[in-house]
Amino acid sequence: MKFKVLLFALIISSCSQQKETYNNVFRYNEHKNIGSLDPAFAKDNADIWAINQLFNGLVQMDENLNVQPCIAKNWTISEDALTYSFSLRQDVYFHKHRLFGKDSTRTVKASDFEYSLNRLLNKTIASPGRWTLNKVDAFKALNDSLFQIKLKQPFPAFLGLLTMKYCSVVPKEIVDHYQSDFRSHPIGTGPFKFKRWEENLKLVFRRNNNYFETDNLGSALPYLEAVAITFLPDKQSEFLQFAQGNIDFVSGLDASYKDEILTATGQLREQYSKDVNMIRGPYLNTEYLAFFMDSEVSEMQSKLLRQAINYGFDKQKMMTYLRNGIGIPAYGGFIPKGLPGHNESIGFTFQPDKAKQLVQQFKTETRISNPEITITTTSNYLSFCEYIQRELQKIGITVNVDVIPAATLKDAKANGKLDMFRASWVADYPDAENYLSLYSSKNFAPNGPNYTHFKSDQFDAWYQEAFTITDSKKREALYTKMDSLVLSSAPVVPLFYDEVVRFTRKSVKGLGINPINLLDLKRVKKEQ
Numbered sequence: 002m003k004f005k006v007l008l009f010a011l012i013i014s015s016c017s018q019q020k021e022t023y024n025n026v027f028r029y030n031e032h033k034n035i036g037s038l039d040p041a042f043a044k045d046n047a048d049i050w051a052i053n054q055l056f057n058g059l060v061q062m063d064e065n066l067n068v069q070p071c072i073a074k075n076w077t078i079s080e081d082a083l084t085y086s087f088s089l090r091q092d093v094y095f096h097k098h099r100l101f102g103k104d105s106t107r108t109v110k111a112s113d114f115e116y117s118l119n120r121l122l123n124k125t126i127a128s129p130g131r132w133t134l135n136k137v138d139a140f141k142a143l144n145d146s147l148f149q150i151k152l153k154q155p156f157p158a159f160l161g162l163l164t165m166k167y168c169s170v171v172p173k174e175i176v177d178h179y180q181s182d183f184r185s186h187p188i189g190t191g192p193f194k195f196k197r198w199e200e201n202l203k204l205v206f207r208r209n210n211n212y213f214e215t216d217n218l219g220s221a222l223p224y225l226e227a228v229a230i231t232f233l234p235d236k237q238s239e240f241l242q243f244a245q246g247n248i249d250f251v252s253g254l255d256a257s258y259k260d261e262i263l264t265a266t267g268q269l270r271e272q273y274s275k276d277v278n279m280i281r282g283p284y285l286n287t288e289y290l291a292f293f294m295d296s297e298v299s300e301m302q303s304k305l306l307r308q309a310i311n312y313g314f315d316k317q318k319m320m321t322y323l324r325n326g327i328g329i330p331a332y333g334g335f336i337p338k339g340l341p342g343h344n345e346s347i348g349f350t351f352q353p354d355k356a357k358q359l360v361q362q363f364k365t366e367t368r369i370s371n372p373e374i375t376i377t378t379t380s381n382y383l384s385f386c387e388y389i390q391r392e393l394q395k396i397g398i399t400v401n402v403d404v405i406p407a408a409t410l411k412d413a414k415a416n417g418k419l420d421m422f423r424a425s426w427v428a429d430y431p432d433a434e435n436y437l438s439l440y441s442s443k444n445f446a447p448n449g450p451n452y453t454h455f456k457s458d459q460f461d462a463w464y465q466e467a468f469t470i471t472d473s474k475k476r477e478a479l480y481t482k483m484d485s486l487v488l489s490s491a492p493v494v495p496l497f498y499d500e501v502v503r504f505t506r507k508s509v510k511g512l513g514i515n516p517i518n519l520l521d522l523k524r525v526k527k528e529q
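Count along the sequence shown from 1, add 1, and you get the number used in the working numbering.
Take these hints with a grain of salt, some might be off.
[As the list claims (entries may be wrong)] Simulated restraints on C-beta separations: (1) 276 <-> 442: 46 to 54 Å; (2) 361 <-> 411: 33 to 41 Å; (3) 373 <-> 489: 23 to 31 Å; (4) 242 <-> 67: 28 to 36 Å; (5) 97 <-> 219: 18 to 26 Å; (6) 353 <-> 26: 49 to 57 Å; (7) 442 <-> 220: 33 to 41 Å; (8) 123 <-> 358: 54 to 62 Å; (9) 125 <-> 370: 58 to 66 Å; (10) 220 <-> 408: 28 to 36 Å.
[Said to hold, decoys possible] Taking lysine-lysine and the PhoX-like style, the derived pairs with C-alpha atoms no more than 25 Å apart in a straight line are: (11) 110 <-> 97; (12) 173 <-> 110; (13) 304 <-> 456; (14) 523 <-> 44; (15) 44 <-> 103; (16) 475 <-> 456.
Note that these hints are calculated values from the structure, not bench results. In this text, all values refer to a predicted model and were calculated from it rather than measured experimentally. C-beta: ideal position from N, C-alpha, C; glycine also.
Work out the full structure, taking the sequences as your base and the hints as a guide.
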């Protein structure tokens, strides 16, 4: 009888432990799938989110876009702003693997960063992250704990660039063994370690019990036992799984469920408010319409008409009806809210009378009695373009909307084949230079991101000057002047600055948000 009671107690204890472990698993869906777990190929958000759990770099970004230590415990920058010297922690270990030998692991050394950055430059690997080192002249390990990078020219945003997952450290012996298969056999230093990947079905990470970071109280990170990622291919199915409690979080506001979960004013509906938390904040993404300045079409060449379009529709109304209030109407410049350099007063507000006056002036000066434009877009943004179409017709402009596949639009805008098109720019790194690079004449598409072919000698001079200014406040003021100069010529129509929106179960604590929409799970807890 005692044996039976003991056995029963062990079974109950085992079940309790299994339930506790299951409850401490963070579950989310990745509808875009994941292409690689190799940080050298961390190009898409889906890959970046997964890779961020497995790998670390020299530095990392906090939720306020401040660069913080990571594997580098501190660093110095030379007076000429060209030499960066990083002192590495001595307690960072790679995830365990038999290829490391007797101890199944080893500490990270400066030579590992030399190897990892050289991979980005290796043309046979063809990493899409090669560009992150464009301004780097040289780098080397001075000893096991000191790593040095020298730049070709001062670049104040460089530390922010190093926070990108491309710049994560990887172990040479593991990569050399797996070569291209390292994408599915990743070994890093991150808070979680790779466990299992059934492609298109499920990806599982387990807690790294040897992780080097701790919380403010000195407790080991991460708190979670595991991360489980599924790959349902559409957002509607993903939301259904979330509503049923089968996954812990969904990101973004998709048309398939926005009216189901949110009111028209952007509040959680009553049936979800008891079980769901909504977190929202600025996202470094500007959605806009662009004019091709080298177009031979009179309407594109006219500053009057470009300004009229900027004044001619109500962006607040557009956000309320088409986005349930999620997103910030773009009344400032091209630099989004949440990034130093943004200024709310330099853009265009809704002024229909002024817009009509500018259209009439255009008609008088050009003798074009019926100005006509065509906006090229993808199906995802058809509703926005149709709204703008209706509103601009009220001020005297005939608008056509042409819907084409995303890949076709991308190619056409890069090669100057579209007079006017919808686009967006998501920050690669958190510095306004990233946005202003779209207006440097050296970056004319297809050789760079200047898709409008905007050109200004004054802007180009300021753009080069910005690289030499190390005082952040002075550089921020110059960025605002540059943004204002661009808007005065109206080569674009900023539509809205996006917001990060995350829906989580009430049991999820510590997830938070950040303006680059990075998923960081090392401080997340699940409470019962």
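Going through the hints against the structure:
| no. | hint | in the structure |
| --- | --- | --- |
| 1 | 276 <-> 442: 46 to 54 Å | holds (53 Å) |
| 2 | 361 <-> 411: 33 to 41 Å | holds (36 Å) |
| 3 | 373 <-> 489: 23 to 31 Å | holds (25 Å) |
| 4 | 242 <-> 67: 28 to 36 Å | holds (35 Å) |
| 5 | 97 <-> 219: 18 to 26 Å | holds (24 Å) |
| 6 | 353 <-> 26: 49 to 57 Å | holds (53 Å) |
| 7 | 442 <-> 220: 33 to 41 Å | violated (53 Å) |
| 8 | 123 <-> 358: 54 to 62 Å | holds (58 Å) |
| 9 | 125 <-> 370: 58 to 66 Å | holds (60 Å) |
| 10 | 220 <-> 408: 28 to 36 Å | violated (47 Å) |
| 11 | 110 <-> 97 | holds (16 Å) |
| 12 | 173 <-> 110 | holds (11 Å) |
| 13 | 304 <-> 456 | holds (14 Å) |
| 14 | 523 <-> 44 | holds (22 Å) |
| 15 | 44 <-> 103 | violated (35 Å) |
| 16 | 475 <-> 456 | holds (24 Å) |
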